[in-house]
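So you can see what is in the structure, the chains are spelled out below.
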Amino acid sequence: MFLEVKNIVKSFHNEAVVRDLNFSLDAHKTLSILGKSGCGKTTMLKIIAGLENADAGTISLGGKNIDDVKPGKRNVVYLYQEDLLFPHLNIFENIAFGLRIKKFSELEITEKVNAMVESLELKGQETKMPHQLSGGQRQRVSFGRAIITNPSLLLLDEPFGSLDAGTRQRMQEFFKSLTAKYQITSLFVTHDLKEAILMGDEIAYMETGRLKVYTDKTDFINDPATGVKNEIGFWENLISVKPEKEIPRK
Amino acid sequence: MLPGYFGFRNWRQIFASETGLISSFLLSVVISLSVALTSTLSGFLISRSVSYHPRKRLFTLLTYFPYILAPVVFAACLSYFFLKTGLFGSATGVVVAQFMIAFPYALIFFSSFWNERIRQYEELTATLGGNRRQTFLKVLLPLAKGMLLICFFQTFLISWFEYGLTSIIGVGKVQTLTIKVFLFIKEANFYYGALSCCLLIFPPVLLLYINKRYVFNKLI
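Line order of the protein sequences matches chains A and B. Taken in order, the first sequence gives residues 61 to 310; the numbers are from this note's numbering. Taken in order, the second sequence gives residues 73 to 292; the numbers are from this note's numbering.
Excised from the complex, chain A in its bound form (with noise of 0.2 angstroms):
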């Protein structure tokens, strides 16, 4: 497995936020997460990408254990719900900061994020500051800036979040386009059911500090924990419904 975690245990103040964490997850996949606010998702990828310590537990990457390995060497890319571009750079400079920490040639900066302008579908975009994009656009550069620097694994908290219902989906779909064509190693925390079912290629439910990875969707899906069967349920029930008969007008 290309990652591999192993007994994570995490407590803030005597109160255990992450408990015996397992999990692990193949190269060029995506474990979408599925959990309700302050179940722990947050903390569990903090550690994984190094922002936090666990108490306990191990985490290896590629084969090689990282747990003594600072963030900026992990290669291991935290996005946040917000897009977090920074407002003094353009959309050019965003998506290349990445590659000028790293010290990348210029030639190759200029290369690199041109053909990840054209991936993003923002051609034409490059000179305009962060406050002249939509949610979307931005969101997006926020995806370039990140897999641009050849990720080993994409730490993803509700990266949608902060988007209306109709961006959401088209993000949902440009996402799954953009894992595919760069094979991007991901973990996809939500606490969307429909959009954890779609993103992820395995799927994971957690519950006050609990993961519980299913193997099929279908037993995700038949876990009445997960509360799929309950939002089956109330559609059923809508559906069933017969219309009241209309009072005549006098």
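By construction, these hints were calculated from the structure, which means they are not laboratory data. No experiment lies behind these values; they were computed from the predicted model shown. Keep in mind that a hint or two might mislead.
Said to hold, decoys possible - Lysine to aspartate or glutamate pairs mimicking EDC-like chemistry, simulated, CA-CA at most 16 angstroms apart:
(1) Lys130(A) with Glu188(B)
(2) Lys272(A) with Asp283(A)
(3) Lys254(A) with Glu218(A)
(4) Lys130(A) with Glu195(B)
(5) Lys217(B) with Glu195(B)
(6) Lys130(A) with Glu112(A)
(7) Lys66(A) with Glu142(A)
(8) Lys89(A) with Asp283(A)
(9) Lys66(A) with Glu153(A)
(10) Lys133(A) with Glu195(B)
(11) Lys272(A) with Glu262(A)
(12) Lys66(A) with Asp86(A)
(13) Lys210(B) with Glu262(A)
(14) Lys133(A) with Glu194(B)
(15) Lys236(A) with Glu218(A)
As the list claims (entries may be wrong) - Sample of chain A residues facing chain B (criterion: CB under 7 angstroms; computed from the structure):
(16) Ala109
(17) Leu111
(18) Val129
(19) Pro131
(20) Gly132
(21) Tyr138
(22) Tyr140
(23) Leu144
(24) His148
(25) Gly158
(26) Lys163
(27) Val301
We treat Cβ as the ideally placed atom computed from N, Cα and C, and that holds for glycine.
Could you slot chain B onto chain A? The hints should help.
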């Protein structure tokens, strides 16, 4: 009512006289620039540690300490240590004393900058491969540019118009322009008093113009 001659001849005459006005002006500029630069930069860097520290509230409370005491009382408390370290009556001593007033101001000023969003920027930069130096130079300093300029301006003003601390720690040897203004007023020398007031107002007006031109307009 109006002077018969407008031009630089009178200024030249004043500066050529033995009032030491030009040297006081230059000394004040050097002291205020030193205080503003050191307190703004150190305030920015140290406020980060204070804001992210678990005992943030205690440290923030301590930063208000220099403002509880009147500057003269504060200077009297400090004078023993300045005597011991040989800083009494020197320009360096005045810079250190004024720094003790300006630095807490910078700490309080920058405390609002270090919020959850800035922390997220720092973490994002780290996962993109940036080290601490790169994070400061390429992300934090550009994000804080407007605040840095405003803080520099404010701390410059604190230092520029400071009288109580400067008069006690400087013991009359360090004659900044503000000290000079008070001396002229005490002497009832209102011509030189008015002239030094004109000089006193010049750098703040220049800084105000720079701030309005390059900072405030961009913030709005």
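Structure-based check of all given hints:
| no. | hint | verdict |
| --- | --- | --- |
| 1 | Lys130(A) with Glu188(B) | violated (21 angstroms) |
| 2 | Lys272(A) with Asp283(A) | holds (11 angstroms) |
| 3 | Lys254(A) with Glu218(A) | holds (13 angstroms) |
| 4 | Lys130(A) with Glu195(B) | holds (12 angstroms) |
| 5 | Lys217(B) with Glu195(B) | violated (20 angstroms) |
| 6 | Lys130(A) with Glu112(A) | holds (10 angstroms) |
| 7 | Lys66(A) with Glu142(A) | violated (29 angstroms) |
| 8 | Lys89(A) with Asp283(A) | violated (23 angstroms) |
| 9 | Lys66(A) with Glu153(A) | violated (38 angstroms) |
| 10 | Lys133(A) with Glu195(B) | holds (13 angstroms) |
| 11 | Lys272(A) with Glu262(A) | holds (11 angstroms) |
| 12 | Lys66(A) with Asp86(A) | holds (15 angstroms) |
| 13 | Lys210(B) with Glu262(A) | violated (37 angstroms) |
| 14 | Lys133(A) with Glu194(B) | holds (15 angstroms) |
| 15 | Lys236(A) with Glu218(A) | holds (15 angstroms) |
| 16 | Ala109 | holds (5 angstroms) |
| 17 | Leu111 | holds (5 angstroms) |
| 18 | Val129 | violated (12 angstroms) |
| 19 | Pro131 | holds (4 angstroms) |
| 20 | Gly132 | holds (5 angstroms) |
| 21 | Tyr138 | holds (5 angstroms) |
| 22 | Tyr140 | holds (5 angstroms) |
| 23 | Leu144 | holds (5 angstroms) |
| 24 | His148 | holds (4 angstroms) |
| 25 | Gly158 | holds (4 angstroms) |
| 26 | Lys163 | violated (10 angstroms) |
| 27 | Val301 | violated (44 angstroms) |
The structure fails to meet hints 1, 5, 7, 8, 9, 13, 18, 26, 27 from the earlier list, while all remaining hints are met.
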